[in-house]
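Participant: Sequence:
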Amino acid sequence: MTDVSLNTPTGEYDAQLGDYFALLKPRVMSLVVFTALVGLLAAPVSVHPVIAFSSILFVAVGAGASGALNMWWDADIDGVMRRTAKRPIPSGRVQPGEALSLGLALSGMSVMMLGLAANLLSAALLAFTIFFYAVIYSMWLKRATPQNIVIGGAAGAFPPVIGWAIATGSVSIEAWLMFALIFMWTPPHFWALALFMKSDYEDAGVPMLTVTHGRRKTRAHIIGYTVPLAVLAVGTGFTAIGGPVYLTVAVVLNALFLKGAFDIWRRDETQAEADDYRVEKKVFRLSLWYLFAHFGAILLEAVLRPYGLGGW
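Residue numbers 618 to 929, in the numbering used here, belong to the letters of the sequence shown in order.
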């Protein structure tokens, strides 16, 4: 592996291959890949394994491109926030121009190759998702409105719709149900994080709800979104992509998530600071498993359905 020496204001650094990979936000990419794969396999049309693998690979590349463009644009505030200060650009390991070039190149390649591997609709949806995350969310909403997470959540909700389009060449109500599940999950997930990140967003000048409306309002908003999320999640169990396995998972997880949201709502900052935001961190960790478990259950229903064991 060849090192690339970079001269930065803080000194000379050697960019490793892992630094460029970190630009792609691999943890976010893993969720994108998984939900897109579930959307593809849950669709009522079988896809050749080679086409399926190639398509999901290009969706992953597109997700990575979005991450690189986001890190390029947000390098200034990433350097202020403790959670992101060690990312490749603010730490000086990668130059901003390199991140921009990488993001643009991967964006064009992923969209073009997905169009060739699958169909134009899925490629168009991927292109829109990259644009929405990099431009609408990162460049506009994130620094302009406390609804940044709410509206920007649409970018992360599109992968299962793309997966469904790869398989069917169209989009149906089932695909939009998976979209809605991610869309409604995003605000309570990030607001729980914002509560225990304390002053990070304020220091960076990001108008997160905790900064613009206060922590009390943020706690109320968390439960305000969790209630309809639970209704949506459990209701999806009675649709074509649901079934007894999914419904069981949804009932259990949403009962836990509702309890966590209620616990967050009834606490004040004195209580939270006294135990180092224990409840908020617990709910945030649960939210990480929440989405994987729901989509894992949808996937299991799809796998069992041909054998007469999944679905209704």
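Hints in this document: simulated from the structure, not taken from any laboratory.
In this text the structure is predicted, and so the values were computed from the model without any measurement.
Beta carbons are placed, not taken as given, at the ideal position from N, Cα and C, and that holds for glycine.
Certain hints may be false.
In the DSBU-like style, the derived pairs of lysine-lysine whose C-alpha atoms are separated by at most 30 angstroms in a straight line are [as the list claims (entries may be wrong)]:
| # | residue 1 | residue 2 |
| --- | --- | --- |
| 1 | Lys876 | Lys899 |
| 2 | Lys834 | Lys876 |
| 3 | Lys642 | Lys898 |
| 4 | Lys899 | Lys834 |
| 5 | Lys759 | Lys899 |
| 6 | Lys642 | Lys759 |
| 7 | Lys876 | Lys703 |
| 8 | Lys834 | Lys759 |
| 9 | Lys898 | Lys703 |
| 10 | Lys898 | Lys876 |
| 11 | Lys759 | Lys898 |
| 12 | Lys759 | Lys703 |
Pair ranges (Cβ atoms, derived) [claimed, not checked]:
| # | residue 1 | residue 2 | range |
| --- | --- | --- | --- |
| 13 | Gly786 | Gly696 | 40 to 50 angstroms |
| 14 | Gly925 | Phe638 | 38 to 48 angstroms |
| 15 | Leu721 | Gly822 | 21 to 31 angstroms |
| 16 | Lys899 | Val868 | 17 to 27 angstroms |
| 17 | Thr887 | Ile753 | 30 to 40 angstroms |
| 18 | Gly696 | Gln888 | 30 to 40 angstroms |
| 19 | Val662 | Asp892 | 45 to 55 angstroms |
| 20 | Asp893 | Phe670 | 23 to 33 angstroms |
Participant: Does each hint fit the structure? Answer for all of them.
Facilitator: We went through each hint and held it up to the structure:
no., hint, in the structure
1, Lys876 <-> Lys899, "holds (11 angstroms)"
2, Lys834 <-> Lys876, "holds (18 angstroms)"
3, Lys642 <-> Lys898, "holds (21 angstroms)"
4, Lys899 <-> Lys834, "holds (20 angstroms)"
5, Lys759 <-> Lys899, "holds (25 angstroms)"
6, Lys642 <-> Lys759, "holds (17 angstroms)"
7, Lys876 <-> Lys703, "violated (34 angstroms)"
8, Lys834 <-> Lys759, "holds (19 angstroms)"
9, Lys898 <-> Lys703, "holds (21 angstroms)"
10, Lys898 <-> Lys876, "holds (14 angstroms)"
11, Lys759 <-> Lys898, "holds (23 angstroms)"
12, Lys759 <-> Lys703, "holds (20 angstroms)"
13, Gly786 <-> Gly696: 40 to 50 angstroms, "holds (44 angstroms)"
14, Gly925 <-> Phe638: 38 to 48 angstroms, "holds (43 angstroms)"
15, Leu721 <-> Gly822: 21 to 31 angstroms, "holds (26 angstroms)"
16, Lys899 <-> Val868: 17 to 27 angstroms, "holds (20 angstroms)"
17, Thr887 <-> Ile753: 30 to 40 angstroms, "holds (38 angstroms)"
18, Gly696 <-> Gln888: 30 to 40 angstroms, "holds (32 angstroms)"
19, Val662 <-> Asp892: 45 to 55 angstroms, "holds (50 angstroms)"
20, Asp893 <-> Phe670: 23 to 33 angstroms, "violated (44 angstroms)"
Hint compliance for this structure: hints 7, 20 are not met, and every other hint is.
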